[in-house]
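So the sequences go chain by chain: F and L.
Read in order, the letters of the first sequence correspond to residues 58 to 224 in my numbering.
Read in order, the letters of the second sequence correspond to residues 8 to 84 in my numbering.
Keep in mind that the hints were calculated from the coordinates and are not lab data.
Please note that the accuracy of each hint is not assured.
[Claimed, not checked] Chain F regions said to be covered by chain L (calculated; three or more residues, Cβ under 8 Å):
| id | region |
| --- | --- |
| 1 | 67 to 81 |
| 2 | 119 to 129 |
| 3 | 137 to 151 |
| 4 | 156 to 168 |
[Claimed, not checked] Lysine-lysine pairs mimicking DSS-like chemistry, simulated, CA-CA at most 27 Å apart:
| id | chain 1 | residue 1 | chain 2 | residue 2 |
| --- | --- | --- | --- | --- |
| 5 | L | Lys83 | L | Lys35 |
| 6 | L | Lys36 | L | Lys83 |
| 7 | L | Lys62 | L | Lys36 |
| 8 | L | Lys84 | F | Lys100 |
| 9 | L | Lys35 | F | Lys100 |
| 10 | F | Lys100 | F | Lys76 |
[Said to hold, decoys possible] The following label-pair restraints were derived from C-beta to C-beta distances:
| id | chain 1 | residue 1 | chain 2 | residue 2 | range |
| --- | --- | --- | --- | --- | --- |
| 11 | F | Glu116 | L | Lys36 | 33 to 43 Å |
| 12 | L | Ser65 | F | Gly137 | 17 to 27 Å |
| 13 | L | Ser29 | F | Pro81 | 21 to 31 Å |
| 14 | L | Asn42 | F | Gln72 | 12 to 22 Å |
| 15 | F | His219 | L | Asn42 | 35 to 45 Å |
| 16 | F | Gln72 | L | Ser65 | 39 to 49 Å |
| 17 | F | Arg63 | L | Asp58 | 28 to 38 Å |
| 18 | L | Ser29 | F | Gly145 | 26 to 36 Å |
| 19 | F | Glu103 | L | Thr67 | 29 to 39 Å |
| 20 | F | Arg177 | L | Lys36 | 38 to 48 Å |
| 21 | F | Pro153 | L | Cys28 | 31 to 41 Å |
| 22 | L | Cys28 | F | Asp161 | 19 to 29 Å |
None of the values given here were measured: they were computed from a predicted structure.
C-beta atoms are modelled at their ideal positions from N, C-alpha and C, and glycine is treated no differently.
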Amino acid sequence: MLNVTRPVFTELGTQAIDKGLADPQLSAFYESMMSESGIVTEKLREHMPYLSLCSDQLEGFGPPPIFYVGRRSSQRLLFGDDWALQQGQALRTPDPDLEYASADGYRCALAGRPYYGYARTTIQFQGTSVDIAFERLILTLRPSQQSGRRFCAYFGVIQDLHQLQQL
Amino acid sequence: MNHLSTSTRAEYVHEHIKPVCSRATHLKKQVDRHNLTEMWDMILAMDYEVDNVHKLSSETCEEFCDIIELLIQAFKK
Numbered sequence: 058m059l060n061v062t063r064p065v066f067t068e069l070g071t072q073a074i075d076k077g078l079a080d081p082q083l084s085a086f087y088e089s090m091m092s093e094s095g096i097v098t099e100k101l102r103e104h105m106p107y108l109s110l111c112s113d114q115l116e117g118f119g120p121p122p123i124f125y126v127g128r129r130s131s132q133r134l135l136f137g138d139d140w141a142l143q144q145g146q147a148l149r150t151p152d153p154d155l156e157y158a159s160a161d162g163y164r165c166a167l168a169g170r171p172y173y174g175y176a177r178t179t180i181q182f183q184g185t186s187v188d189i190a191f192e193r194l195i196l197t198l199r200p201s202q203q204s205g206r207r208f209c210a211y212f213g214v215i216q217d218l219h220q221l222q223q224l
Numbered sequence: 008m009n010h011l012s013t014s015t016r017a018e019y020v021h022e023h024i025k026p027v028c029s030r031a032t033h034l035k036k037q038v039d040r041h042n043l044t045e046m047w048d049m050i051l052a053m054d055y056e057v058d059n060v061h062k063l064s065s066e067t068c069e070e071f072c073d074i075i076e077l078l079i080q081a082f083k084k
């Protein structure tokens with residue numbers, strides 16, 4: 058029987074970033090976006106490969122659907138190109154438990170408070186069980202100063218990953 | 008030599024470009040209808056570093072169109 062690690066999704070708060078405790082690349086993204094008050098500028102370009110972007114449409118208990126998965130983002134590293142580029146329906150994290158556990162961070166960001174936290178959980182994906190620990194930063198951005206449109210930017214950093222068992 | 012007439016040249020679209028541009032044109036109408044034009048422009052500028060979808064190669068344009076289809080799905084209410 059699979060020994061499932063008890064999931065942990067903890068908010069650390071962005072003050073941990075300010076204190077220099079977060080991943081340097083994640084911190085650079087956070088500082089860059091905060092310096093522009095969450096408005097997209099040229100500064101976003103260098104961070105795009107590491108981001109996943111999703112809408113502001115919260116439905117039920119899950120996070121908003123994803124529309125962009127950066128080529129070097131943690132989600133693409135974890136779930137692969139085929140998942141990132143699938144068509145025909147809204148793109149969501151393939152593990153439903155992870156999907157629901159991660160939703161609070163998006164709700165927080167969409168309420169106007171950047172979310173920075175730590176997660177440790179076991180993900181079931183394509184018949185494999187993976188134990189993973191990661192930092193996660195979620196910000197709400199706007200495409201321009203005048204825009205009423207909002208979207209979420211997710212910057213994940215995988216700290217540890219172990220394939221536990223083939224199901 | 009085999010010359011194309013003026014009208015034929017004006018209408019000519021390379022066979023490998025035409026299907027991709029048609030898909031992008033179709034998606035752009037949907038994007039405008041859903042008020043997502045700023046998002047289209049942002050993805051083009053930030054990821055692909057162009058200001059017009061027709062500046063993309065056919066393969067890259069296909070990839071961009073895949074993202075735009077997800078974008079429309081993600082913001083659909």
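Hints, one by one, checked against the model:
1. 67 to 81: violated (count 0)
2. 119 to 129: holds (count 5)
3. 137 to 151: It holds, with 5 qualifying residues against the three required.
4. 156 to 168: It is violated, with 0 qualifying residues against the three required.
5. Lys83/L with Lys35/L: holds, 15 Å
6. Lys36/L with Lys83/L: The given pair, whose Cα atoms are some 15 Å apart, holds under the 27 Å limit.
7. Lys62/L with Lys36/L: holds, 18 Å
8. Lys84/L with Lys100/F: violated, 30 Å
9. Lys35/L with Lys100/F: Given that 27 Å is the threshold and the Cα spacing comes to 25 Å, the pair holds.
10. Lys100/F with Lys76/F: Status holds; Cα separation ~22 Å.
11. Glu116/F with Lys36/L: 33 to 43 Å: violated, 25 Å
12. Ser65/L with Gly137/F: 17 to 27 Å: Once the Cβ atoms are compared, 24 Å apart, the range 17 to 27 Å for Gly137/F and Ser65/L holds.
13. Ser29/L with Pro81/F: 21 to 31 Å: With Cβ atoms ~44 Å apart, the hint is violated.
14. Asn42/L with Gln72/F: 12 to 22 Å: Cβ of Asn42/L to Cβ of Gln72/F: about 36 Å, so the range 12 to 22 Å is violated.
15. His219/F with Asn42/L: 35 to 45 Å: Once the Cβ atoms are compared, 44 Å apart, the range 35 to 45 Å for Asn42/L and His219/F holds.
16. Gln72/F with Ser65/L: 39 to 49 Å: Because 48 Å falls inside the window, the suggested range holds.
17. Arg63/F with Asp58/L: 28 to 38 Å: violated, 49 Å
18. Ser29/L with Gly145/F: 26 to 36 Å: Once the Cβ atoms are compared, 19 Å apart, the range 26 to 36 Å for Gly145/F and Ser29/L is violated.
19. Glu103/F with Thr67/L: 29 to 39 Å: violated, 19 Å
20. Arg177/F with Lys36/L: 38 to 48 Å: With a Cβ separation near 45 Å, Arg177/F and Lys36/L satisfy 38 to 48 Å, so the hint holds.
21. Pro153/F with Cys28/L: 31 to 41 Å: holds, 38 Å
22. Cys28/L with Asp161/F: 19 to 29 Å: Since the Cβ atoms of Cys28/L and Asp161/F sit about 42 Å apart, the hinted range of 19 to 29 Å is violated.
The structure shown violates the earlier hints numbered 1, 4, 8, 11, 13, 14, 17, 18, 19 and 22.
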